[in-house]
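Using the hints, position chain B against chain A.
This is what each chain is made of:
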Amino acid sequence: MTRPLEGIRILDFTHVLAGPFATRVLGDMGADVIKVNSVDRAIGANDPGHPYYLMWNRNKRALALDMSKQESRPVCRQLCEKADVVIDNFSVGVLERWGIGYDAVRVANPEVIYVQMSGMGEGGPWSDFVTYAPTIHALSGLTHLTGVPGREDIGIGFSYNDHQAGLHGAVAILAALEARQRTGRGQRVDLSQFEVGVNFAGPALLDYFANARAARPMGNKLPYDEVAPHGCYPCAGALSDAVEDERWVAIACMTDCQWEALKVLMARPEWAMDSVFDTASSRVENLQRLDQGVAEWTVTQDSTEVMEKCQKAGVPAGIVQNAIDLVERDPQLKRSGFLHAIDSPHPTVGATYADRLPIRFQATPCDVYARSREIGEDNTAILQDWLEMSADEIQKAEESGILT
Amino acid sequence: MTDSKGALAGVHILDLTDERGIYGAKLLADLGADVVRPEPLDGDPLRKRGPHQAGTPEGTTSLWHAFFASNRRFFAVDPSSDEGSEQLRRLVERADIVLACDRSFGVDAADLNAAQTRRPELIVVDTTSFGRDGPWSEYLAPDLVAGALGGFCATTGDVDTPPLKGFGELNFMVSGAYIAIAALGALYHVRQTKVGQRVEVSVHECIASCLEQVFMCYWYDDLLPTTIPGLPRRGSLHWSNGYAVMQAQGGAIMVTPTPDLETQLLWLVQEDAHEDLLDEKYADPENLVETVQRVMEVLRKWVSTREVEELFFEAQSRHSPYGWVLPIEKVAENPQLKARDWWVSYSMGGVETTGPGAPYRFSETPWSLGPYGGPGADGESILADIGWEGAP
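Just so you know, the sequences run in chain order A and B. 1 is the number of the first residue of the first sequence in this note's numbering; add one for each residue after it. 1 is the number of the first residue of the second sequence in this note's numbering; add one for each residue after it.
Next up, chain B with everything else stripped away, as it sits in the complex:
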């Protein structure tokens, strides 16, 4: 927002993103940049994304949009009109950074190539699904398809389910984070040299770069004891075989004997639940694969007898990184988030709602959340900013 005390105060950004990039614009806006988001005269189509605030008509208060389009100034414009295209061009003139996705609203009218010729210091982050060229460059890829082609879905799910996408927009939140990095990396370079540039981001490559074991098991399978190059989906069982969600009394819990197998073994001995794990063969590093498999079997049996909440806190008190599988309502009540005063108030058309806070905390330039506006809510101030005569 314009009166920001955030880390990016004074940075002007034009947000021409769609679902693929909107999280990146959010990250930058929430850090204090002044981010203007143009939208069609009848409103951003993403305002139709659910969930909606109960009691409001579809398209007015989308909670999806309020989250992803936080801290924006909204500007309704018709890019097909002479007036609208000129307004977009003036917004580009004022921007330090333009975030664009191919085919997204306003990109063609903004004439970004010409703007970069006029203003060499301008940064344009240009996001595509698969890159500008190549046989898939024109492919349509909403989050599910992007996750399928990018490698997310093949790892997720179980033998008796289809491959699964993550809940919500997990793939586009990866590309969004990379877009923010691209913009800020280029901005650092501008601060040193006054030279801007075009930066291209492929959503497909972003997703593929964040798959933990997928390429590792392919490239280095001969260095790993337990994996195969095409490791398939297999529920919660980690590629190392050393982490899995297990059923306890009253709920599920992610259980692992890492990082210290001896600590876990001692605990099982104290509980008299160790079965045959003291057998010498399990102490031999040569038998690591068999040992991990047997430990997990014993743990699964033992965990099934334990009450989930008690087990979780006892594990953590022993520095074992167990994780209680919490549903969303338990996350909302989490004592750690409460103690850190993490939740913030979202102001949407005069209605206040609690919602997620910052993913990081800056000691000197605090993250903050401004009110969320309706379609074109900031037209007047934006027209004034670009010196538009005839501003209402």
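If we strip away everything but chain A, and leave its shape as in the complex, we get:
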């Protein structure tokens, strides 16, 4: 059985996280992703032995091509002309300077799809700005909005927007492939990681423009809906006073019925029977007292037991899981084999690991997880498969020093 994207050829000039995550998803789905790297560029997150590289570059083949050498560019141009998709997340204009921009390549390959995942998109006064995910989080409002009242220095604790830019890049590529199926022609996609990030505050931005209300950080409260309790509450069982050893449970009573069920679980404490907690709106008005009361109950309980009791009673609740919980204890992830070691050891790192594609195609399962590759590890196979180069031609290219 083949994977759904078998036969699609992707030439991948991306680096760090956002772009490699887009092509990782497509590689997991069977596309032939050729990761272009070079010895000179293999530093930091571009070093094949760096954990960051190991995480985002499985299921790709590796081609070493030193694009700083003019002699490399004809080979690269030929690869672009054979590709279904060319993707990069450089600053705007890099591929054009190398002579492999969309306008240059589409003459020979009108079906090609180019996706440029720059930080700010093409054009505009900020188009040359340098961004990483924390930059985008800050500029897009995500940092300001993710926190507690009065704090604008918290934000999301990981590079959310990098992952999302990657996922949106994958959506864009697949949509462009569908359009090509219909029209016979490729196109260029300009993806601004900043615009992806701003998009996530969609309802808050509509509220600002329609009602002149500017959203502010709300902690774990829902910003616009009267729902309470709705928060993370401390539990018993901390192994130490360190933050990483704390245990918490999230509880979200989305309806009055769920609140009534939670009251029963808490053995109907006197405070909870006060009529001010009878409706969602009055619970929100008295949130501090409500949260304090719920926390007084949870702090005496084991987090897993609270979750299980709540869920059994129809109250949405879940442990705040950290990495150790997810890897070592989570029964759902264990059951699905979500986290696993990759079969073939990495030549320099040894054992490497993968989280599965969270999409299960029943007819075309995506169960192949090939380790990330060393620089140029697949030079010969790629040049044979894509360009039908002979062994002599490949030997000459290697001797010329471009395949490094």
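The set of hints was computed from the structure by calculation and includes no laboratory data. The reader is advised that the hints may include incorrect statements.
[Unchecked claim] The list that follows gives simulated cross-link-like pairs (lysine to aspartate or glutamate, EDC-like), each with its CA atoms no further than 20 Å apart:
id : chain 1 : residue 1 : chain 2 : residue 2
1  : A       : 263       : A       : 274
2  : B       : 194       : A       : 6
3  : B       : 48        : A       : 226
4  : A       : 69        : A       : 40
5  : A       : 263       : A       : 308
6  : B       : 48        : B       : 78
7  : A       : 309       : B       : 138
8  : A       : 263       : A       : 302
9  : B       : 338       : B       : 309
10 : B       : 5         : A       : 111
11 : B       : 48        : A       : 256
12 : B       : 301       : A       : 153
13 : B       : 48        : A       : 225
14 : A       : 334       : B       : 138
15 : A       : 312       : B       : 138
16 : A       : 82        : A       : 96
17 : A       : 396       : A       : 385
18 : A       : 69        : A       : 399
19 : A       : 263       : A       : 226
20 : A       : 334       : B       : 200
21 : A       : 396       : A       : 66
22 : A       : 309       : A       : 260
23 : A       : 312       : B       : 102
24 : A       : 312       : B       : 133
25 : B       : 338       : A       : 122
26 : A       : 334       : B       : 133
27 : B       : 330       : B       : 310
28 : A       : 396       : A       : 377
29 : B       : 330       : A       : 153
30 : B       : 338       : A       : 128
[Unchecked claim] Each pair of labels, with its calculated beta carbon distance range:
id : chain 1 : residue 1 : chain 2 : residue 2 : range
31 : B       : 338       : A       : 69        : 37 to 45 Å
32 : B       : 194       : A       : 110       : 21 to 29 Å
33 : B       : 103       : A       : 308       : 18 to 26 Å
Built from N, CA and C at the ideal position, the CB exists for glycine as well.
What follows is chain B alone, placed relative to chain A:
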């Protein structure tokens, strides 16, 4: 919409999603697919989600719904009636793709298993919170709970706050993006083989797959200089210790000495703010952890003396990826978004409001936004599409 010029023009989708999948249906609808969203006769419960347009009664113009249910055709139906269930089945017959979430409106009546038997080319994207089986498979998980179990909350917050969720529906926007990928991946396969399939998406796995350092620090802690496997929430301080939000004059700014420590050091020297950073010990790669920590200390002190806007633009002019922490009203006025003509007009019941535009720009098949309709607004055209005799 039906007259789309978008990338997915001509693709018919039935949207039976709830909060967990509605963003995926939005992505596909905004790319030009014809997406029909059935709703109860008294309206989609998600139309009650705030914020609402001021001056309109709750349930009529939800800005939340207008954003997430953009570019849909709305169809009011009673799945418990013979007529309604037959209408749903005919909508399935017409669809290339059905997006479903377990327990969501219309899924049972649509009889998707039978439809796939009749039409092998049909794609069904079946979303659950935790998968079809397992001890948590029946668990209820709104965005907060999904983010807690999925690993988002443990990373977010500070030592003096609880673990935090993101603002809005950030977890379900991840599952939504994966749902769109699942649908389009399966559609590509149909175009090659004419064979559809059922595709399962677990929201829990979606969230867990997008946690950057969380699994990396667990699996590869021996390869990383500064991390621990259970890295706790710690405000804005990045797992690498090299990015943090700092307080400047007039606002906060995300500051980092990456990607080139020497560039940052030169800037500090020019400002005479480098303190002891020229000490040889900080040039030794063996002392990287100590160096980064000291650089961040010096930066924090220096940043506190600088005006935020000026600092941000100067950093960017030096190719340092600083990020000014902007509140929503500043985002709304952003000159980059304005120059790229990013904002679009949302038409809601005859009222026009500015709102977010596309997350990507296609050169040949433009993204577009059609008017947003009320409950069941497109019933007449949808009944005509399915050949329903007695259509009003």
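Against the structure, the hints come out as follows:
At roughly 11 Å between alpha-carbon atoms, residue 263 (chain A) and residue 274 (chain A) fall within 20 Å of each other, so this suggested pair holds. As the CA atoms of residue 194 (chain B) and residue 6 (chain A) are separated by approximately 15 Å, the hinted pair is consistent with the 20 Å bound. Taking the CA atoms of residue 48 (chain B) and residue 226 (chain A), the gap is near 11 Å; set against the 20 Å cutoff, the hint holds. Our distance criterion of 20 Å between C-alpha atoms is met by residue 69 (chain A) and residue 40 (chain A), whose separation comes to about 11 Å.
A threshold of 20 Å between alpha carbons decides the hint, and for residue 263 (chain A) with residue 308 (chain A) the separation of about 15 Å falls inside it, so the pair holds. Our distance criterion of 20 Å between C-alpha atoms is met by residue 48 (chain B) and residue 78 (chain B), whose separation comes to about 19 Å. Only pairs whose Cα atoms come within 20 Å are accepted, and residue 309 (chain A) paired with residue 138 (chain B) is accepted, the gap being roughly 13 Å. In summary, the hint linking residue 263 (chain A) to residue 302 (chain A) is supported, as the alpha carbons are separated by about 18 Å, within the 20 Å threshold.
A hinted pair counts as satisfied when its Cα atoms are at most 20 Å apart, and residue 338 (chain B) with residue 309 (chain B) qualifies at roughly 18 Å. Using a Cα cut-off of 20 Å, the hinted pair residue 5 (chain B) and residue 111 (chain A) holds, with the two alpha carbons roughly 18 Å apart. Distance restraint check for residue 48 (chain B) and residue 256 (chain A): the Cα-Cα separation of roughly 16 Å lies within the 20 Å cut-off, and the hinted pair is therefore satisfied. A distance of roughly 16 Å separates the Cα atoms of residue 301 (chain B) and residue 153 (chain A); the hinted pair therefore holds under the 20 Å criterion.
For the given pair, residue 48 (chain B) sits about 9 Å from residue 225 (chain A) by alpha-carbon distance, which is consistent with the 20 Å threshold. At most 20 Å may separate the alpha-carbon atoms for a hinted pair to count; residue 334 (chain A) and residue 138 (chain B) meet this at roughly 17 Å. Distance hint between residue 312 (chain A) and residue 138 (chain B) is fulfilled; the C-alpha atoms sit about 9 Å from each other, no more than 20 Å. The hinted pair formed by residue 82 (chain A) and residue 96 (chain A) meets the criterion: a straight-line CA distance of about 18 Å does not exceed 20 Å.
With a C-alpha separation of about 17 Å, the suggested pair residue 396 (chain A) and residue 385 (chain A) falls inside the 20 Å cut-off, and the hint holds. For the hint pairing residue 69 (chain A) with residue 399 (chain A), the CA-to-CA distance comes to about 14 Å; that is within 20 Å, so the pair holds. For the suggested pair residue 263 (chain A) and residue 226 (chain A), the alpha carbons sit about 18 Å apart, so the restraint of at most 20 Å is met. Proposed proximity of residue 334 (chain A) and residue 200 (chain B) is supported: the alpha carbons are some 17 Å apart, at most 20 Å.
Annotation: proposed proximity of residue 396 (chain A) to residue 66 (chain A) holds, straight-line Cα distance about 15 Å (limit 20 Å). The straight-line distance between the Cα atoms of residue 309 (chain A) and residue 260 (chain A) is roughly 14 Å, inside the 20 Å bound, and the hint therefore holds. Distance check on the hinted pair: residue 312 (chain A) and residue 102 (chain B) sit about 18 Å apart at the alpha-carbon level, within 20 Å; holds. At most 20 Å may separate the alpha-carbon atoms for a hinted pair to count; residue 312 (chain A) and residue 133 (chain B) meet this at roughly 16 Å.
Pair hint residue 338 (chain B) plus residue 122 (chain A) holds up; C-alpha atoms about 13 Å apart against a cutoff of 20 Å. A threshold of 20 Å between alpha carbons decides the hint, and for residue 334 (chain A) with residue 133 (chain B) the separation of about 12 Å falls inside it, so the pair holds. Proximity of residue 330 (chain B) to residue 310 (chain B) is assessed by CA-CA distance (about 15 Å); at most 20 Å being required, the pair is judged to hold. Taking the CA atoms of residue 396 (chain A) and residue 377 (chain A), the gap is about 17 Å. The hint holds against a cut of 20 Å.
With a C-alpha separation of about 16 Å, the suggested pair residue 330 (chain B) and residue 153 (chain A) falls inside the 20 Å cut-off, and the hint holds. Restraint check: the Cα-Cα separation between residue 338 (chain B) and residue 128 (chain A) comes to about 16 Å, which is no more than 20 Å; the hinted pair holds. About 41 Å separates the C-beta atoms of residue 338 (chain B) and residue 69 (chain A), a value consistent with the hinted range of 37 to 45 Å. Our hint of 21 to 29 Å for residue 194 (chain B) and residue 110 (chain A) holds, since their Cβ atoms are close to 26 Å apart.
A C-beta distance of roughly 20 Å is found between residue 103 (chain B) and residue 308 (chain A), which places it inside the suggested range of 18 to 26 Å.
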